[in-house]
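Protein chains in written order, with the UniProt record's numbering: chain A, 1 to 261; chain B, 1 to 318.
Hints listed in this document are in silico derivations from the structure and should not be mistaken for laboratory results. Heads up, some of the hints might be wrong.
[What the hints assert, rightly or not] Here chain A is said to cover these stretches of chain B; the calculated rule only asks that three of the stretch's residues, wherever they fall, bring their Cβ under 8 Å from a Cβ of chain A:
no.	stretch
1	119 to 133
2	172 to 179
3	206 to 215
4	234 to 248
[Stated by the list, open to error] One side only, chain A facing chain B, incomplete, derived with CB under 7 Å:
no.	residue
5	ASP14
6	ASP15
7	GLU18
8	ILE127
9	ASP206
10	VAL208
11	ASP211
12	THR246
13	ALA247
14	ALA251
[To be verified] A few chain A residues that don't get close to chain B, going by computed Cβ distances all over 12 Å:
no.	residue
15	GLU49
16	HIS51
17	ARG71
18	ASP79
19	LYS137
20	GLU165
21	ALA192
22	ILE197
23	VAL207
24	LEU213
25	VAL215
26	SER220
27	PRO230
28	GLU240
29	ARG255
All figures in this text were calculated on a predicted structure; none of them were measured in a lab. The beta-carbon is built from N, C-alpha and C at its ideal position, and this holds for glycine as well.
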Amino acid sequence: MKILVTVTEVADADDEFEISGTSIADQYLTYDLNEWDDYAIEEAVQLSEEHDDIEVVTVTFGAERVEETIRTALAKGADRAIRVWDDSFEGKTILDPSQKAELLAGVVEEEEPDLVLSGVQSGDVAIGATGVALAEKIGYEWAAVVNQLDLDRDSGVASVHRELEGGVEELTDVEPPAVLTIQTGINEPRYASLRGIRQAQSKPLDVVSPDDLGVELEESAIELTELVEPESESDTELFEGSPEETAGQLAEFLREQGVGA
Amino acid sequence: MSDVLVVAEHRRGELRDVSYELLTAGRELADSTGGDVHAAVISGDVDSYAEDLNREGVDAVHTVEYGEEFNHGVYTQAVEQLADEIDAQYVVAGNTVNGLDFVPAVAERLDLPLVTDAVAFETGDGLSVIRELYSGKTEGTVEVDSEEAFVTVRPGEWPAAEGTGDAAIEAFDADIDESELDTTVNGFEEVGSGDVDITEADVLVSVGRGIEEEDNLPIIHELADALGATVSASRPIVDNGWLGQERQVGQSGKKVTPDIYIAIGISGAVQHVAGMKGADTIIAINNDPSAPIYDIADYGIVDDLFDVVPALTEEFGG
Chain A
1 MKILVTVTEV ADADDEFEIS GTSIADQYLT YDLNEWDDYA IEEAVQLSEE HDDIEVVTVT
61 FGAERVEETI RTALAKGADR AIRVWDDSFE GKTILDPSQK AELLAGVVEE EEPDLVLSGV
121 QSGDVAIGAT GVALAEKIGY EWAAVVNQLD LDRDSGVASV HRELEGGVEE LTDVEPPAVL
181 TIQTGINEPR YASLRGIRQA QSKPLDVVSP DDLGVELEES AIELTELVEP ESESDTELFE
241 GSPEETAGQL AEFLREQGVG A
Chain B
1 MSDVLVVAEH RRGELRDVSY ELLTAGRELA DSTGGDVHAA VISGDVDSYA EDLNREGVDA
61 VHTVEYGEEF NHGVYTQAVE QLADEIDAQY VVAGNTVNGL DFVPAVAERL DLPLVTDAVA
121 FETGDGLSVI RELYSGKTEG TVEVDSEEAF VTVRPGEWPA AEGTGDAAIE AFDADIDESE
181 LDTTVNGFEE VGSGDVDITE ADVLVSVGRG IEEEDNLPII HELADALGAT VSASRPIVDN
241 GWLGQERQVG QSGKKVTPDI YIAIGISGAV QHVAGMKGAD TIIAINNDPS APIYDIADYG
301 IVDDLFDVVP ALTEEFGG
């Protein structure tokens with residue numbers, strides 16, 4: 001059995017930043033493994049630890065820089081990795097879930113995984129639609145926003161909980177092959193061990209181009225044309241001074257409200 | 001082709017609030033195209049839902065009787081067929097857990113662009129969608145270069161449609177291919193029922209990622225004890241297992257409306273704010289003055305929580 005995990009590197013902006021064109025200027029960005037994907041990797045690795053015959057493969061779209069993030073996924077226990085890239089994508093942010101899905105679909109067709117685990121969203125652009133778009137494209141079943149997964153190897157059914165709003169979960173059975181989008185909190189992602197980090201260096205990391213996959217992206221109908229920093233709407237009354245002074249002023253306010261009486 | 005199709009959302013016998021907001025968002029788009037607003041309501045007690053959805057600005061409500069609860073296979077097929085039937089220019093659904101479970105599939109089937117999580121529209125010469133990027137630190141304009149498109153809209157951004165409309169309520173006989181329904185919904189489970197009911201608390205001391213480590217939590221509990229308050233938390237604290245789900249405030253947790261809400265080390269992501277904006281007075285303690293929590297806080301202390309919180313506890317004899 002094979003599990004494909006989609007792994008994205010996301011950009012986190014500093015508190016203070018400047019915008020250049022339709023992006024945050026690079027010097028204010030820190031790149032890291034997408035938080036949701038960290039949980040997806042962990043879920044796949046836990047399944048592979050329970051069942052000897054499960055292979056965990058990761059797929060990442062990105063320039064060479066993302067290999068550091070890919071090695072992190074390998075260090076956490078994925079068996080091998082695929083990076084999809086073509087220099088023509090340099091400097092572009094893909095906002096179209098269908099395009100992302102198209103790129104991933106090429107890899108799915110090659111690998112034919114039984115399960116695809118994908119973070120619910122990526123922390124920077126937060127589209128939240130790629131997993132389901134991918135499932136539809138490749139004819140897999142799917143479940144979005146999964147926060148519990150029980151895989152019954154005998155019946156072949158994945159019983160999942162989908163995290164709905166307001167503290168309610170939907171209990172759903174999905175028949176693989178399927179794409180599951182993974183929500184944070186489904187497990188406790190591990191830290192890469194030193195041994196894992198060492199092993200990751202020798203695990204296979206293949207680089208393929210969309211061309212190799214037979215994927216030709218049509219021009220997207222969606223384009224980011226402007227990026228601005230929203231005006232702060234804050235009219236917060238701030239208490240000023242040392243921690244003792246501010247705490248004192250807040251305490252006085254709270255007492256006026258009858259708190260702690 | 002100028003009409004707008006809005007897909008309502010319901011769960012366990014009730015329309016969800018976002019459904020009425022979608023009607024308003026749909027009306028805004030229809031005003032720009034000169035078309036009608038069609039609402040679709042699928043599964044469950046559709047006739048009663050249809051009456052509720054018949055609000056001002058709605059021209060037609062289409063009911064699809066099939067099963068009780070949301071099933072993405074049913075929604076995908078029904079919406080695909082309805083969009084075709086009315087020749088919809090735009091299809092609008094909630095940027096919700098269930099919205100994101102079927103809309104991408106329909107958009108994919110119809111080969112139409114999808115923009116998620118809209119907070120505003122710019123209409124005129126075509127459609128542009130305003131949405132946040134980089135965790136709410138920036139706002140982007142996404143231009144849609146297509147006659148037709150799918151949009152999911154963020155809950156709480158458009159006001160609910162009100163009044164009573166004169167919509168035609170019509171049953172739509174969707175042709176649901178059952179062999180395509182490989183996903184079975186078996187039921188629901190309430191999570192986060194525990195000894196504590198944060199929705200009943202008058203004063204909440206709420207802790208977020210800024211607390212950094214589980215070992216730092218005692219200063220939060222000490223403050224809550226000194227104030228006679230209840231401890232609640234934002235998502236990362238619960239994801240980490242440091243506090244139980246019954247204490248989670250936000251979209252996927254509880255909606256709280258205390259007299260006083262003290263947000264400590266909470267940045268104020270939209271999912272969190274959805275659960276606490278109904279508090280009478282919001283107080284933020286966060287050392288990042290640009291954190292979105294200050295967009296809604298009434299009072300604030302921009303300083304290190306590890307200095308302020310113990311000092312505040314001391315003020316109350318803790």
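Hints, verified against the model:
1. With 3 residues having a Cβ less than 8 Å from any Cβ of chain A, the stretch 119 to 133 of chain B passes the three-residue criterion, so the hint holds.
2. Counting residues of the stretch 172 to 179 of chain B whose CB lies closer than 8 Å to any CB of chain A gives 0, so the stated coverage by that chain is violated, three being the minimum.
3. Coverage of the stretch 206 to 215 of chain B by chain A is violated [criterion: at least 3 residues with CB-CB distance below 8 Å; count 0].
4. For the stretch 234 to 248 of chain B, the stated coverage by chain A holds: 8 residues have a C-beta nearer than 8 Å to a C-beta of that chain, and at least 3 were required.
5. Using the Cβ-Cβ criterion of 7 Å, the hint placing A:ASP14 at the interface with chain B is not satisfied: the shortest such distance is roughly 9 Å.
6. Checking A:ASP15 against chain B by beta carbon gives a least distance of about 5 Å; that is within 7 Å, so the hint holds.
7. Checking A:GLU18 against chain B: minimum C-beta separation of about 11 Å lies over 7 Å; hint violated.
8. Given the 7 Å rule on beta carbons, the hint for A:ILE127 holds: about 5 Å separates it from the nearest Cβ of chain B.
9. Annotation: interface hint on A:ASP206 violated; nearest CB of chain B at approximately 27 Å, more than 7 Å.
10. Taking 7 Å as the C-beta cut-off, the interface hint given for A:VAL208 is violated, the closest approach to chain B being about 23 Å.
11. Hint status for A:ASP211 relative to chain B: violated, with the closest Cβ pair at about 22 Å, above 7 Å.
12. Annotation: interface hint on A:THR246 holds; nearest CB of chain B at approximately 4 Å, less than 7 Å.
13. This hint holds: A:ALA247 has a C-beta 4 Å from the nearest C-beta of chain B, less than the 7 Å allowed.
14. Contact between A:ALA251 and chain B, as hinted, is supported at the beta carbon level, the nearest pair being about 4 Å apart and thus within 7 Å.
15. In this structure A:GLU49 is separated from chain B by more than 12 Å, as the shortest Cβ-Cβ distance comes to about 20 Å.
16. Look at A:HIS51: its CB is around 22 Å from the nearest CB on chain B, clear of 12 Å, so calling it non-interface holds up.
17. Against the 12 Å criterion, A:ARG71 stays outside the reach of chain B, whose nearest CB is about 24 Å from its own CB.
18. Every CB of chain B lies more than 12 Å from the CB of A:ASP79, the least distance being 26 Å, so the non-interface label holds.
19. Not every beta carbon of chain B lies more than 12 Å from that of A:LYS137, the smallest distance being close to 6 Å; the non-interface claim is violated.
20. Listed as a non-interface residue, A:GLU165 fails to keep its Cβ farther than 12 Å from every Cβ of chain B; the least gap is roughly 5 Å.
21. Every CB of chain B lies more than 12 Å from the CB of A:ALA192, the least distance being 18 Å, so the non-interface label holds.
22. Every beta carbon of chain B lies more than 12 Å from that of A:ILE197, the smallest distance being close to 23 Å; the non-interface claim holds.
23. Even its closest Cβ contact with chain B, about 27 Å, leaves A:VAL207 beyond 12 Å, as expected for a residue assigned away from the interface.
24. Distance check on A:LEU213: its Cβ is at least 18 Å (rounded) from any Cβ of chain B, clearing the 12 Å threshold; non-interface status holds.
25. Remark: the non-interface label on A:VAL215 is consistent with the geometry, its nearest Cβ contact in chain B lying 15 Å away (cut-off 12 Å).
26. With 12 Å as the threshold on Cβ separation, the claim that A:SER220 sits away from chain B is violated: the shortest Cβ distance comes to roughly 7 Å.
27. Not every CB of chain B lies more than 12 Å from the CB of A:PRO230, the least distance being 5 Å, so the non-interface label is violated.
28. The Cβ of A:GLU240 does not lie farther than 12 Å from every Cβ of chain B; its closest approach is about 9 Å, which violates its non-interface assignment.
29. With a least CB separation of 9 Å from chain B, A:ARG255 falls inside the 12 Å interface cut-off, contrary to its annotation.
Going down the numbered hints, you'll see the structure goes against 2, 3, 5, 7, 9, 10, 11, 19, 20, 26, 27, 28, 29, while the others check out.
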